[in-house]
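Protein chains in written order, with the UniProt record's numbering: chain A, 1 to 361; chain B, 1 to 361.
FYI, nobody ran anything at the bench for these hints, they're computed from the structure. Honestly, I wouldn't trust all of these hints.
A pair counts as met if it fits within one copy or between any two copies, since identical chains are not told apart.
As the list claims (entries may be wrong) - Here are the computed lysine-lysine pairs in the DSS-like style, where the Cα-Cα straight-line distance is at most 27 Å:
(1) Lys106 / Lys33
(2) Lys106 / Lys310
(3) Lys141 / Lys106
(4) Lys141 / Lys105
(5) Lys124 / Lys228
(6) Lys142 / Lys266
(7) Lys3 / Lys33
(8) Lys310 / Lys33
(9) Lys228 / Lys106
(10) Lys310 / Lys256
(11) Lys141 / Lys358
(12) Lys124 / Lys358
Treat the numbers as computed from the prediction; the structure is a model and nothing was measured.
2 protein chains.
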Amino acid sequence: MSKRAFNFCAGPAALPTAVLERAQAEMLDWQGKGLSVMEMSHRSDEYVAIAERAEQDLRDLLAIPSNYKVLFLQGGASQQFAEIPLNLLPEDGVADYIDTGIWSKKAIEEAQRFGNVNVAASAKAYDYFAIPGQNDWQLSKKAAYLHYASNETIGGLQFDWVPDVGETPLVVDMSSDILSRPIDVSQYGLIYAGAQKNIGPSGLVVAIVREDLLGRARSSCPTMLNYKVAADNGSMYNTPATYSWYLSGLVFEWLKEQGGVEAIAKVNRTKKDLLYKAIDASDFYSNPITHNARSWMNVPFRLADDKLDKPFLAGAEARGLLNLKGHRSVGGMRASIYNAVGLDAVEALVAYMAEFEKEHA
Amino acid sequence: MSKRAFNFCAGPAALPTAVLERAQAEMLDWQGKGLSVMEMSHRSDEYVAIAERAEQDLRDLLAIPSNYKVLFLQGGASQQFAEIPLNLLPEDGVADYIDTGIWSKKAIEEAQRFGNVNVAASAKAYDYFAIPGQNDWQLSKKAAYLHYASNETIGGLQFDWVPDVGETPLVVDMSSDILSRPIDVSQYGLIYAGAQKNIGPSGLVVAIVREDLLGRARSSCPTMLNYKVAADNGSMYNTPATYSWYLSGLVFEWLKEQGGVEAIAKVNRTKKDLLYKAIDASDFYSNPITHNARSWMNVPFRLADDKLDKPFLAGAEARGLLNLKGHRSVGGMRASIYNAVGLDAVEALVAYMAEFEKEHA
Numbered sequence: 001m002s003k004r005a006f007n008f009c010a011g012p013a014a015l016p017t018a019v020l021e022r023a024q025a026e027m028l029d030w031q032g033k034g035l036s037v038m039e040m041s042h043r044s045d046e047y048v049a050i051a052e053r054a055e056q057d058l059r060d061l062l063a064i065p066s067n068y069k070v071l072f073l074q075g076g077a078s079q080q081f082a083e084i085p086l087n088l089l090p091e092d093g094v095a096d097y098i099d100t101g102i103w104s105k106k107a108i109e110e111a112q113r114f115g116n117v118n119v120a121a122s123a124k125a126y127d128y129f130a131i132p133g134q135n136d137w138q139l140s141k142k143a144a145y146l147h148y149a150s151n152e153t154i155g156g157l158q159f160d161w162v163p164d165v166g167e168t169p170l171v172v173d174m175s176s177d178i179l180s181r182p183i184d185v186s187q188y189g190l191i192y193a194g195a196q197k198n199i200g201p202s203g204l205v206v207a208i209v210r211e212d213l214l215g216r217a218r219s220s221c222p223t224m225l226n227y228k229v230a231a232d233n234g235s236m237y238n239t240p241a242t243y244s245w246y247l248s249g250l251v252f253e254w255l256k257e258q259g260g261v262e263a264i265a266k267v268n269r270t271k272k273d274l275l276y277k278a279i280d281a282s283d284f285y286s287n288p289i290t291h292n293a294r295s296w297m298n299v300p301f302r303l304a305d306d307k308l309d310k311p312f313l314a315g316a317e318a319r320g321l322l323n324l325k326g327h328r329s330v331g332g333m334r335a336s337i338y339n340a341v342g343l344d345a346v347e348a349l350v351a352y353m354a355e356f357e358k359e360h361a
Numbered sequence: 001m002s003k004r005a006f007n008f009c010a011g012p013a014a015l016p017t018a019v020l021e022r023a024q025a026e027m028l029d030w031q032g033k034g035l036s037v038m039e040m041s042h043r044s045d046e047y048v049a050i051a052e053r054a055e056q057d058l059r060d061l062l063a064i065p066s067n068y069k070v071l072f073l074q075g076g077a078s079q080q081f082a083e084i085p086l087n088l089l090p091e092d093g094v095a096d097y098i099d100t101g102i103w104s105k106k107a108i109e110e111a112q113r114f115g116n117v118n119v120a121a122s123a124k125a126y127d128y129f130a131i132p133g134q135n136d137w138q139l140s141k142k143a144a145y146l147h148y149a150s151n152e153t154i155g156g157l158q159f160d161w162v163p164d165v166g167e168t169p170l171v172v173d174m175s176s177d178i179l180s181r182p183i184d185v186s187q188y189g190l191i192y193a194g195a196q197k198n199i200g201p202s203g204l205v206v207a208i209v210r211e212d213l214l215g216r217a218r219s220s221c222p223t224m225l226n227y228k229v230a231a232d233n234g235s236m237y238n239t240p241a242t243y244s245w246y247l248s249g250l251v252f253e254w255l256k257e258q259g260g261v262e263a264i265a266k267v268n269r270t271k272k273d274l275l276y277k278a279i280d281a282s283d284f285y286s287n288p289i290t291h292n293a294r295s296w297m298n299v300p301f302r303l304a305d306d307k308l309d310k311p312f313l314a315g316a317e318a319r320g321l322l323n324l325k326g327h328r329s330v331g332g333m334r335a336s337i338y339n340a341v342g343l344d345a346v347e348a349l350v351a352y353m354a355e356f357e358k359e360h361a
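Extracted from the complex, chain A is given alone in its bound form (with noise of 0.2 Å):
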């Protein structure tokens, strides 16, 4: 038996232990078949089928209507910055987007180079620490979408609302919290999410995408970054990240026998509770982001003194606690609590965070 630590990672990040389980065993001899299933064609029926499988899971996870498009893509949420104009924003349109943080930024940065951007709201105002009302808001009058992260990474701040703009199409970076607690698909024009926090290893992307969005590429649109040709092609325009596709896969066979999304997100509102409830008791530990902005997945958290930035990381360290430091631009640690990170994980971390201070304080 391999000892598995506790991973607080931000991505790649933790993976279910039962999954990487069945990938070991499945690593030379696929049912018998006598090869991996990277070594498969892409077109074998038997690739088809997991394919397929993969994205029925998917679409059942998150009630996928069906006038969505689920497509399994490469690149990161990074190439998306760009796919996203290319395929939606009219060369003489404009486009909203909500700045909360490093990676709406990025989003909006990426996006000027191709069109008018018109940023309608800035955390910056609250120092990052808040997402402004949607009263606040200044929005276009005829924007191409709306597009903003529902969760930041590396800030810690995520909606627990979903905006309301009519009919702007919704454009949702939710690369790491999708698939933590329900969503309506319906109210989004278009989701996407790099793999490698809730879904699987990275170098995959999974977007959806209502079908009337397909079909407005600008001609200067590179063929692999066309929604409508990776979705008219089932995502085998060419050789998808068959294995990446494969164990996200998995993942999302994992998550329905946990009961699905609602059940994980009963989980994770008790492993974020337990671990903001931690950081607010204390003098010792905080977190400053407004309440009904925390993040569920990704919970920065500062020691009273950074000097003891480093004998906290060794102590978790030789506890089997890894990967707290935090972002090197926000500093302190950060705990990154996705689906394949269990409650006993936090329990742990908490024990440990109590005894540190003990010790310290």
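We have chain A already, so just place chain B on it with the hints.
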């Protein structure tokens, strides 16, 4: 022990059993760290060491000069078909392309969307059974680059020579023959290869770029498609396909253990000689490609009567000889005999072919 079949798939293709065994052993717990490689931050010391080791091993295997960058990208060769003109073809420039089959034609069609393309030569004149000699090429006076595919995976047509176009940078799609035999990297401006034949799993592309070709991208080039951005960030502008990169590194290590590219080239020569000899010695099997353009990696062949295709494939599968069906555009059979397909696999195939011929001729 798993029973491993002989897998002649054109791609995603067979991987060395030893590589899969190592990946299997390390799946849940890499070197006692308590987590899988696919759960590691790409910025962690452990993962950076894995990534750098893979790059160095590839540099050793191909003796890549220090003025070349090695990039680990995504999107397959098809995304490169757009990236190449976006990075290397000025809007008022012209690029020369050689058409030798389906893949080089796809590269041409995509490039035409971004600028002036001169198809300097086409194998169409020979029904794609031979490669036009360089004396017959109609080169542009001042091409930004010359593009060709060193091996056509579907047609089974391979250059056994390197074009000499003076100062014009050579851009080559080596997806299906990289690492199969020695090359002189310094003859090229840009070498690129989808990983899923001789490198690793699909979803990864390796590009080897001469440094003076960096920094020429058009302003309309998406950031993620800009070679200079990838080079300046060690292929980590955003999260790369970490697990595929790691697996590719295991393949590079394995290839070094086999004695490197020169040693594997000897095996590859023996394999292809054995298979073509079996085809040529018989009136029952045929391959139409002119001898000096026959691919070492992809060997298409036909049976005298295509009514026998089905029984041939069924008999092959019963013997654990998988994925011999030819591409739908060519018909017949195709045996892809990449590095990871051993001499024993080709011997088993040739034995089966003789047996089948005896029964059905």
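Against the structure, the hints:
1. Lys106 / Lys33: neither (44 Å within a copy, 33 Å between copies)
2. Lys106 / Lys310: neither (30 Å within a copy, 53 Å between copies)
3. Lys141 / Lys106: Answer is within: at 24 Å inside a copy they meet the 27 Å cutoff, but 41 Å across does not.
4. Lys141 / Lys105: within (22 Å within a copy, 44 Å between copies)
5. Lys124 / Lys228: Answer is neither: 36 Å inside a copy and 31 Å across each miss the 27 Å cutoff.
6. Lys142 / Lys266: Result: close neither inside a copy nor across copies, 38 Å intra and 65 Å inter.
7. Lys3 / Lys33: between (30 Å within a copy, 8 Å between copies)
8. Lys310 / Lys33: Classified as between: cross-chain Cα gap 19 Å, same-chain 50 Å, threshold 27 Å.
9. Lys228 / Lys106: Close inside one copy (24 Å) and across copies (18 Å); limit 27 Å.
10. Lys310 / Lys256: neither (39 Å within a copy, 40 Å between copies)
11. Lys141 / Lys358: neither (56 Å within a copy, 77 Å between copies)
12. Lys124 / Lys358: neither (35 Å within a copy, 79 Å between copies)
Hint compliance for this structure: hints 1, 2, 5, 6, 10, 11 and 12 are not met, and every other hint is.
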